[in-house]
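K.L.:
Take the two lone chains, each set in its own frame, and fit them into one complex as the hints suggest.
Residue numbers (numbering that gives the first Met the number 0), protein chains in the order written: chain X, 0 to 244; chain V, 0 to 375.
In case anyone wonders, no lab produced these hints; they're calculated from the structure.
Pairs of lysine-lysine, BS3-like flavour, derived with a Cα cap of 27 Å:
no. : chain 1 : residue 1 : chain 2 : residue 2
1   : V       : 39        : X       : 208
2   : V       : 361       : V       : 315
3   : V       : 39        : X       : 168
4   : V       : 348       : X       : 129
5   : V       : 373       : V       : 315
6   : X       : 52        : V       : 361
7   : X       : 52        : V       : 348
8   : V       : 129       : V       : 39
9   : V       : 361       : V       : 329
Per the computed footprint, the stretches of chain X lying under chain V, defined by three or more beta-carbons under 8 Å from a beta-carbon of chain V, are:
no. : segment
10  : 173 to 183
11  : 233 to 241
Listed below are several chain V residues computed to face chain X (Cβ distance under 10 Å; list not exhaustive):
no. : residue
12  : 51
13  : 285
14  : 296
Everything numeric in this text was worked out from a predicted model, so none of it was measured. A virtual CB, placed ideally from N, CA and C, is assigned to each residue, including glycine.
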Amino acid sequence: MRRNQLLGAATALGLMIAPFLATAWAGTQEKTIDKRAEMPRGAVVDSTKLAPKPYEEIFTDRGLSQKNSDMQAVLPQTTTGLALVRISTLFPYGLGEDNLPEVREMARDSALLQEAPDQALKDLQSGLQKLPAIYWAERQFLIQIGARLKAPRASVIQFLTAEMSRPVKISAKDPTNLAYMSPVVAADMLVAIDSNTAERDAAFRQAVKAQQADKDLSRLILSRYEVADATRAMNLARQLELLTK
Amino acid sequence: MNVWHKVHWAVCLLCLVVTIASAAYAGHPRCSLMLGTNQKACWFEMPNYDQNNPNFAAYISPSTFKRETGPVANVVCGVVNNPFDQSWLPYGPMIGDDHSLWTESCSYGISEICCPTAEAMALMGAIASKSASTSISGWTNRFYAGQTPDAYNASVGLMNQIGPIFPFVPDPRLHMELTDIQRVIDMALEQHTMPNAGGDEDYITKVEKDFSPAAIGKDFGMGFADPSDISNATFIADLEAGAVIVIALHYWTANIKRTGSNSSEITFTSNTGGHCITVRGFSVMPISDRSGSNVSQGIDTIDPDGGFYRWVSIVKLANGNYTRGPASRKLTLPEGWTSVGVWPEGDPKNAVNSVWDITDKKQIRFIDEYHTLKVP
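Here chain V stands alone, though its shape is the one from the complex (with noise of 0.2 Å):
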């Protein structure tokens, strides 16, 4: 064997060793390679997109999903015939934001399209982080190329039947183009979304066969049924498998009767509307002595409305007695849920962190549901 084999069959091993190595690690998030065995930082790379884009003021939604719930005022700060009512900011493009209708002292409500922006975010993650080998077709591509769904017939593109209303603008808050735009849109048609009363938040589980190898999309995570379930290891598991996770909060408000001079009974009644939130990560930091003997996990999201990272610390609640000194209480939870995840709400001094910080009627927003999609 020459020196020139010798090389052949080296550049051949790596290559190899590469493929293998890219192999095992596509369809997963990326994790730092700096941090120890005990600290851990993973994410997926995805877009921040923003709900409240003016440039979704500038296109119409089709008539077949034109069933709002709720008539759109016509009328908007003095400006009789809203222009917007049937885009996809129903008030137009905010206050600040070109083409706004709003004033200083009127305003207007903000388009329900959060969920579309979560999942399309989820999505553009998910394809951003799988294999070289695994290939990308129907609606699928056509969502990554930023293209009008064909069986929507839009004539000229991001669904305007008559627009656009105005010019595209450039994005004041993020970095969002027009391709991002349509791919909001186009989530939003298959999720039957009304730009006024929102909508599904489940697509991305529906598109598996559009990828080859075919993707794993979940309602309720990678190995688990219900709410009961989620907790800051389920997040974690979910995503160092490889899936992207939406999920959706919704308020249920806390109805506490007095069952004794000491004793009460906690239920919860729902109500309507809710939101959307795309995890991309999670971090788990060793604290006190650094040993790991306690561990801080946290679970790093975006939330559509304005792009905003946030990172949270799910705290649960279980069905249950308690007792604290004299008082006792039981709780039930909706929907037969034996626990249920608490999104963090913002006053640290009033967070639901125990069974003894619900007060009556107080809203809380649980994690209902759960949404995952892995590419290999």
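Just chain X, same shape as in the assembly (with noise of 0.2 Å):
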């Protein structure tokens, strides 16, 4: 008796420990794994890269000469639309660690914004009425680049709307093309910039609306604003009949 109680014991012991003992056992397969697939790395800080570059070469050797003159054809030629131009130009080169020449000039760049936060709005405001679909990952990050300035309250809240209610089109063609969700950016800075419960259910209702003929991109958007005001969203979303399929 005792023996089979001591058996039954082990045994599940036995089952008990094996799922760790498996997972154990695939964690230490894993590292080998992990150990093989690590890249060289070291960012040594080269002095070349730290050498001044003028915004011309940079966007020569990159490559983006018809970047940049498109970028000029829709942005104001003023202080900070220039400035606008050469961050949008350099997106996403500017982004990133690497010491590169591109990074320090959207620093410089952005800091010209922050001085002049009205008029950087006013610019961004002009150009991207202008913007070439095909730019829409500039569209996005810009979007993100107005919810921070420090222009007052009202007008950035009011460029925000205008950017959730932007017409939007849906390339049936390139499942890449990722267009459709500037308006959803644009609903996501407004959740983190707008705690006022009233402005932010204005603004959702005029977007929405404005975006009522393709009820998706509506739920989509409005699916942001479940984030904040889970009970709100859903209330809009029944009045505009957007929880119908």
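P.N.:
What follows is the structure in structure tokens.
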């Protein structure tokens, strides 16, 4: 009886620890794989990278001449407008941390925008009216730049509401084209900066009404409202008959 | 059974249903309830952190990890004895930020703390989504509370040995508080990050036992082994399974060798440096006729450089022989990969969407590291 009890206990213990042993073994295997796949690294600060490089040289070296021309064509030729040209042309090379001239250029231009936020926001609004659809990723980045400007709050909210309301074309041929996420990015930024429930509700109401022709898109925009206020988002969806498929 | 008993049982039943529902939902991203069956958007709630927050310049990195691979300039924009050379922003705050040494005509490099910044955001997302019954202890608990790690014996906090160099300043871009700065520094210490040369990016996979029940941390995801397997579907599957994700991108230079009048071979050589990105969520949207026959998948990411959101859809390159008219190209990826995800770059007109978009010496960023943490 005692032997049976011990055997039973040993079997039960074995069954209990088997998954852990298997996990531990699998973990060891993965660590081996991880080690093999580990990349060589060490971003040595290269003095040539720290050397100043004029913007013209940067965009020429990057093969961004056409993009620079396209941005020049839509953004005003003011100090802040030109800063926005450089920022949008160098996106996303100006992000990242490899001590590239692009990164320093973008930092300088961002500072220029913050020195004159009202003008920067006006230039941005004007530029985004005409920005070609192909530059949807740039639009999504510029929306976030605008949302962070220290311009009057009402102007920033108006800017974001307009971007949430802007009609977007969903590319049936190209599944990698995420232009339809631009109003969603604007909605994310609105939720981040505006905690006034009435104001936020009015902005979403305006945007969703403007996008109502496309129910999928309207619901996608409202899904960001859900993050901040699920009840009001659902109420709005119900009122605008967006819960009916 | 009287009315009170019935109410009591109804309440108990409701509690049970809520508990089961919470348990099933816990440890998973939040998904919109108003989207249809063929449309989905899910995301982890996590903060946006900015690796360029000026407050990183106020605190000294401990000498234990002062192993920079290249010297930090001692003279920055004419200021001798750069006060920030041993801080987490070794060239000081960026132009426009408080205490910056940069000028209109003079600017320097930023810090290399993208990976701890990315991992700190991801870990905060994992903690925010955990089940109420899952407990946190050890290092992760101190991280979450924004405490200085005991192991490093910091006297005041935020690893300042002689400082801080300047008092805490308001965040000019996001809403990072003192605890947020501390969390990124804690993560940087564990990763052995060098402020001017980066570090590892997989510490989230090593904190499994700080959770009870234990979390699952994996390099290369929940169900795959190496970069060849990374696609939009991989991200979506791991996020839906409840895992937060941090990826690393590295630059590779394409080398095109002509092998005939119309034929060539493409190989790649590795470059130094890289960048870490946090993956926050995804969106699946039916396109074309809305019947779901053609679906667009978007991956929702946060770049630690500025804490910007970026939606991407990953295009893959695969080994093989390609022909277009009379031209032929043979593509061989590095490291024995059979395929790899290409991180989209800035100019849509020069984007690498296929083997034919690759030019000689073009720098391409591959998604070559992938780390997940699933917290119950």
